[in-house]
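Based on the hints, put chains S, U, H, Z and L in the right spot on chain P.
Protein chains: 6
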Amino acid sequence: MRPSGRKLDEMRAVSIETGFTKHAEGSALIKVGHTHVLCTATIEDRVPPFIKGSGLGWVTAEYGMLPRATNTRMRREAAMGKQGGRTVEIQRLIGRSLRAGVDRSALGERQITIDCDVLQADGGTRCASITGGWVALKLAVNKLMKAGDIVSDPLVDPVAAVSCGIYAGQPVLDLDYPEDSEAGVDGNFILTGTGRLIEVQMSAEGQTFSRDQMNQLMDLAEKGVSELVAAQKAATA
Amino acid sequence: MRPSGRKLDEMRAVSIETGFTKHAEGSALIKVGHTHVLCTATIEDRVPPFIKGSGLGWVTAEYGMLPRATNTRMRREAAMGKQGGRTVEIQRLIGRSLRAGVDRSALGERQITIDCDVLQADGGTRCASITGGWVALKLAVNKLMKAGDIVSDPLVDPVAAVSCGIYAGQPVLDLDYPEDSEAGVDGNFILTGTGRLIEVQMSAEGQTFSRDQMNQLMDLAEKGVSELVAAQKAATA
Amino acid sequence: MRPSGRKLDEMRAVSIETGFTKHAEGSALIKVGHTHVLCTATIEDRVPPFIKGSGLGWVTAEYGMLPRATNTRMRREAAMGKQGGRTVEIQRLIGRSLRAGVDRSALGERQITIDCDVLQADGGTRCASITGGWVALKLAVNKLMKAGDIVSDPLVDPVAAVSCGIYAGQPVLDLDYPEDSEAGVDGNFILTGTGRLIEVQMSAEGQTFSRDQMNQLMDLAEKGVSELVAAQKAATA
Amino acid sequence: MRPSGRKLDEMRAVSIETGFTKHAEGSALIKVGHTHVLCTATIEDRVPPFIKGSGLGWVTAEYGMLPRATNTRMRREAAMGKQGGRTVEIQRLIGRSLRAGVDRSALGERQITIDCDVLQADGGTRCASITGGWVALKLAVNKLMKAGDIVSDPLVDPVAAVSCGIYAGQPVLDLDYPEDSEAGVDGNFILTGTGRLIEVQMSAEGQTFSRDQMNQLMDLAEKGVSELVAAQKAATA
Amino acid sequence: MRPSGRKLDEMRAVSIETGFTKHAEGSALIKVGHTHVLCTATIEDRVPPFIKGSGLGWVTAEYGMLPRATNTRMRREAAMGKQGGRTVEIQRLIGRSLRAGVDRSALGERQITIDCDVLQADGGTRCASITGGWVALKLAVNKLMKAGDIVSDPLVDPVAAVSCGIYAGQPVLDLDYPEDSEAGVDGNFILTGTGRLIEVQMSAEGQTFSRDQMNQLMDLAEKGVSELVAAQKAATA
Amino acid sequence: MRPSGRKLDEMRAVSIETGFTKHAEGSALIKVGHTHVLCTATIEDRVPPFIKGSGLGWVTAEYGMLPRATNTRMRREAAMGKQGGRTVEIQRLIGRSLRAGVDRSALGERQITIDCDVLQADGGTRCASITGGWVALKLAVNKLMKAGDIVSDPLVDPVAAVSCGIYAGQPVLDLDYPEDSEAGVDGNFILTGTGRLIEVQMSAEGQTFSRDQMNQLMDLAEKGVSELVAAQKAATA
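Chains as they are written, first to last, in our numbering: chain P, 1 to 237; chain S, 1 to 237; chain U, 1 to 237; chain H, 1 to 237; chain Z, 1 to 237; chain L, 1 to 237.
Chain P extracted, bound-state conformation:
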């Protein structure tokens, strides 16, 4: 029933290649099916003004898509002179989600910026960015720990994200682009490695949904995230 032939609760193939670029304190190329996102982590010894002197750290994110990551070329945001509404919404979600999984006082007064740049898109780029972004973040934090700059690990529990939706009337896990563009309901679920919830966003387009359906999507998300967390652990072991 799914265009890809996958089962209803089947994720796409996931791979995470660490160290894809050499300058960043952490970098990972995550592939979730044909969705490929390059995530890098940058450590800086400064924090935003509103937490200066608080002893707390900060994690933030920026998101971008190469113009021809998609089937037809999109205009380059730098050339347009601003980030689109979708971009702003996504990068705020990535930053908020990763931050929720960080013990900011263990991190200390420094900022880590996660850049997520989509090299190729096939649906689910914001979820792949969070999942891959966490790996880049982890690698950067490992570097700080190894150098003795921080002593207790601020990343106690991994953070990963998956999309689920109602496609052709059925709840399905990990929407790809052909499904995403047809789904009447889709949601993004950001969970920790121990199954705690960080962010849940479900929205209907042109229809509505019931609490039962909401729970079915939630069940699928728990399954998907547990697989993603396994991949994160393998990549950062």
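Treat the hints with care, as some may be off.
For identical chains, the list gives no copy identity; a pair is met inside one copy or between any two copies.
Heads up, simulated BS3-like pairs for lysine-lysine below, C-alpha to C-alpha not over 30 Å straight-line [said to hold, decoys possible]:
1) Lys223 - Lys31
2) Lys31 - Lys143
3) Lys7 - Lys22
4) Lys223 - Lys52
5) Lys143 - Lys22
6) Lys82 - Lys22
7) Lys146 - Lys223
8) Lys52 - Lys82
9) Lys233 - Lys22
10) Lys233 - Lys146
Since the hints were derived computationally from the structure, they do not count as laboratory data.
Chains S, U, H, Z and L only, in chain P's frame:
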């Protein structure tokens, strides 16, 4: 326990004054406690390029806050030269939510723009915008029906929104600003008059939450929305 | 002869509601006929760089119009990415006019920002902004005096503004929108409570005018402003 | 008494050099004392959308200042990414003033753009722009008449502008920069060759003025404009 | 003598991986040492307005750098709201250079946009973009030829680019970042496969150079480009 | 053969008028045929952050064109809200070229900004800007030397620029606009008074060129620059 002395499942006082301004096809000033939002609906005989010729209508929204709607003055977005990320995120949510409650083929090829401008803010402005925005939308649609421009009502079921969150460890309904700024988890719930879900957004700040807590927030939201829908019906009767 | 049936030298009904919003140090909703402007005053303990250390205070203003304050919806300036030329011109006039009525050394090194946001427009919004803005300014100054932050009142003489113009060949007082859009000459007159001039702007559109006509408009303006000043005094008594 | 040694009612030396640049349909370098403005007129066979099909022409203006036209370098507006409020206000005034002196139906459906670029500034740049701009406009119109593109002259009466103000307590004509920066009241007066008024703007900075003073400034302006009009006529004879 | 231990006339290792992303009509990841650039080609059936109806095609380019492609993170241009001067200069060079190698009438009235995005930077990104961009362009053109959309190959001669400079007093080929940041003279040389010149840019920083040195750099460039052209031919064979 | 009737190696008439405006520390109006550029130099006692404390000075440039400097009116960049790519490219070239001729440690920690504004354009505006800009720079430096602010002249060798190109198959010196718009190859050559090279840029449009042709253009450039340097010396003697 709540700063306002409200019970855990108690909404703030809600009032909706229709016809607050005279030029718009529909207008309403909604007050949810000290949060006051002026919502207007504008009908235009044109649709965005991507649905031209489809026979379908479009509903979109813009959101703004007067600079001194808040306790300290914020910079005017027009003077800054762009809408902030928070504004963009909110107005996309308002548009998407209202659109989900519209039968776009019954509306026909026309666009209705809902402007939501916060005159005074005390938490929950995006939810008040959706609830008040639906009233402005309804009034505009009534005008179209009265004029015979459309024949079947495209607004079959009201759309309303409320925020819930975990404040001081307890799930509470309809966060005001003092609660919102302290809450570890907060969510926005957009439902229809018949209790169907349109959009659910829950996010943790500096902590996580469980599926049980998610369900408790959902229960509170259902109660709150049913009260808001009663107010909408009274205002548009 | 006037569309509204008013006499040539008759103002529209004027009302000023103070305390319309609660956060600002001063706020007033002024209604001049169907023109409604919300004015708020914000006090800050800082001044622009060019007067730092001078011991003088500063008063400045910003102006905006809600998109559907007018008969057809205007694009939101924040969404367009800049304030239009008309907005810039108006807010500079408001700031300059109010400043001319302030003893800046009595005010001391602090800045008061007057935000004038048009909720509904029917001609004369810049004049209503000045008249209502002065009320918000006065309320904020009263608060400073009550708190003992300043000792002598920097607002010795009220500032109010009215438009006059030549409509259908006749000099008329307080143009509403139907008159304004047809008038061959229109002017804005900003005066003090004692009849001193602060700013006079007269301009012809598609015709010219004589010194005699200029003097007739000036006479009307003096009458109008005296009525507005009475309303200001009543509101701030 | 005046820094320049001029009498109270004495203009600075005025010269107008036509044809200063070769590409424009009309061009003039106007010098009013040390204020030098290059004005060019561009004719285009199109009008703004709002008058398309009306048979009427349009005259508009743009204003700029070279970064080092002034005593200390100002930031280049193109590099800052926008025109400042003062620039916008001035160019709207220039366009409005020149337009008031044009018979737009005699001009026919075409647009003339007047660019006024200040090469060197010493006070009164907006007035010099209007006076010099009218010369550029006249030259362009002459070209149209010569070519037979229009038959009756749309410029029946010249338009010129001068500033007057109250300096050291005295009404003076044609403020230069040292006077302008000290004047308590200054005004811009735009008149036609026959002494009709087009635009009058008087504003007080840190004080107020009386109707008597307003009339004294008006008298000076009439004298100044008559001298400017003589210079315009000589330049375009 | 060179930080990398290379000989004066030795290129870095070059690899070109075609088909790195799947959506574009042509794509290549070029690696010149540690400089990695992803180049994609997009074909569109439209041309810029200024050549519409001419029968000629157009080739243009856009250039970007991921924020953490470099040793320290640069601000994202989309977030800054504009492309920097360096970016603008580079993308104009890429477009101009590739266009010079195209028979635009053989291409026919269509546009090919080459996006060059630097994933990792170590000097010479503009040259790598041109060399890799030509490969993406070639692949896209091959697709058009295969489909019969064009009949004669518009790419008669490959286009490739290399930088040379004077480092520590010696002319060297293919500057990497440590050399580039110290070089007193550096140049970019864009040549065709048959050794014809397309663009030559040499510039001194803090010193000058002689015609003799210019000729030595030119000799090195010819050697380097011949090796790059061989790599291009191998990749597109 | 040349539209102007000039010989292949003949420059246009060159004149340099110093002191064209009075406020700048140095100013010159350079005319190269019908290309007229006003160049001013501004001295400031500050340097960009990246060289603060280094003891070195900085020279930078900005470039602009009046809207009607050209045959058809171009949009004003300040009104468009940004500098075009061509402007950015040109002003970076001017700054880099002039800087290469400056002993920055003799200049000391101060910045000189060269503004080059094209009053009338007929090809070769960037070269005229460099040649005239050097004169303005020299005059400003002379002022510093006279005042004893610097002791040894940081401008040891003049910097001048000329364009050459291949027009109608022939190498020609100093392209004017009719030639420039037809030339298949054109180049900008920036040299010092003693014939050292500072920057060389040659580019082909729609064709390619040989090393022989490159050398012929270089020969012409040396001749042209020697004439320009003579004019610079005469103007600053």
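Taking the hints in turn, this is what the structure says about them:
| no. | hint | verdict |
| --- | --- | --- |
| 1 | Lys223 - Lys31 | within (18 Å within a copy, 39 Å between copies) |
| 2 | Lys31 - Lys143 | both (24 Å within a copy, 27 Å between copies) |
| 3 | Lys7 - Lys22 | between (38 Å within a copy, 24 Å between copies) |
| 4 | Lys223 - Lys52 | neither (39 Å within a copy, 41 Å between copies) |
| 5 | Lys143 - Lys22 | within (14 Å within a copy, 34 Å between copies) |
| 6 | Lys82 - Lys22 | both (28 Å within a copy, 27 Å between copies) |
| 7 | Lys146 - Lys223 | neither (33 Å within a copy, 45 Å between copies) |
| 8 | Lys52 - Lys82 | both (28 Å within a copy, 26 Å between copies) |
| 9 | Lys233 - Lys22 | both (21 Å within a copy, 29 Å between copies) |
| 10 | Lys233 - Lys146 | within (18 Å within a copy, 46 Å between copies) |
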